[in-house]
Amino acid sequence: MNHRTTGRCVLVMMILVLSSGCIEEGERASPTSSTQSELFVYSGAGLRLVMDEIAEEFEKETGTRVRLEYGGAGELLSKLEIMQTGDVFIPGARLPFERAKEKGFVEDEDLVAYHIPVIAVPRGNPANITCLEDLAREDVKIALGDPEAVPIGRAADKILKKAGIRDKVNVVTLAGTEPALHADIIVGRVDAAIVWRSSVWKAKDKIEIIEIPKEVNDIKIIPIGVVTFSENRETAAEFIDFVISDRAKRIWEANGYVTYPNEEYET
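Numbers given in the numbering used here equal positions in the sequence shown, counted from 1, plus 924.
In short, the hints are calculated from the structure, not lab data. Please read all numbers here as calculations on a predicted model, not as lab measurements. Hints should not be assumed to be uniformly reliable.
Stated by the list, open to error - Here are the computed lysine to aspartate or glutamate pairs in the DMTMM-like style, where the Cα-Cα straight-line distance is at most 20 angstroms: (1) K1086 / E1072; (2) K1003 / E1031; (3) K1027 / E999.
Based on the provided sequences and hints, a complete structural model is requested.
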């Protein structure tokens, strides 16, 4: 009898120990599962550097994971329409945002920063380019983005037409990507190119920037908004507040953007 009693005691103790272990495991798992909220953000491909950094900082501060889906404006709009999911939309300009809004994919916008075209020249500026009109000189070779392929190509086309020099510039390269424009400048294949200010900001050791007058420039404003399909609206709004916060503005500015609002870039 004593043996049976002892056996039962041992069995009860083992069950209690195992149960205790399960409870402890459950207690450890619970906070982890509660903090594993996630946001899905559709972002313009040209914003990758700054958005990667902002997402990382937001995750550190809130514990919310941010999944970033990068692409061109048309590609992102197609994904919104097909997937009917996601939380935040931040393209590189207002036009695709307006199109998404017309389709009912996004709500009201907040404005974040300016996407500014500039003239980029090789370090040392060997062709001595000082203004937009210099691009029309016969001795100056320039590279432009293909208007059919990249947004900066369309912006450059508008700028040169506004300035009345589109037919006068000596375009030796029509690039399908913006990095190809940067390469042409760095190796000295061309004397100048029109690029986004932010895209060459961290290459100042190889590239110099010449500003384009606001009157003829084609400056874009970067918008951000909550996706109407979002099931995490509160967290999405929190992320947007973070993107336009003073803390995030420092990240935008460190990557060559001018943050909104700024009277100098308002029309």
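Against the structure, the hints come out as follows:
1. K1086 / E1072: Distance of about 19 angstroms is within 20 angstroms: holds.
2. K1003 / E1031: Measuring from Cα to Cα gives roughly 17 angstroms; hence the hint holds.
3. K1027 / E999: With a Cα-Cα distance of about 15 angstroms, the restraint between K1027 and E999 holds, given a limit of 20 angstroms.
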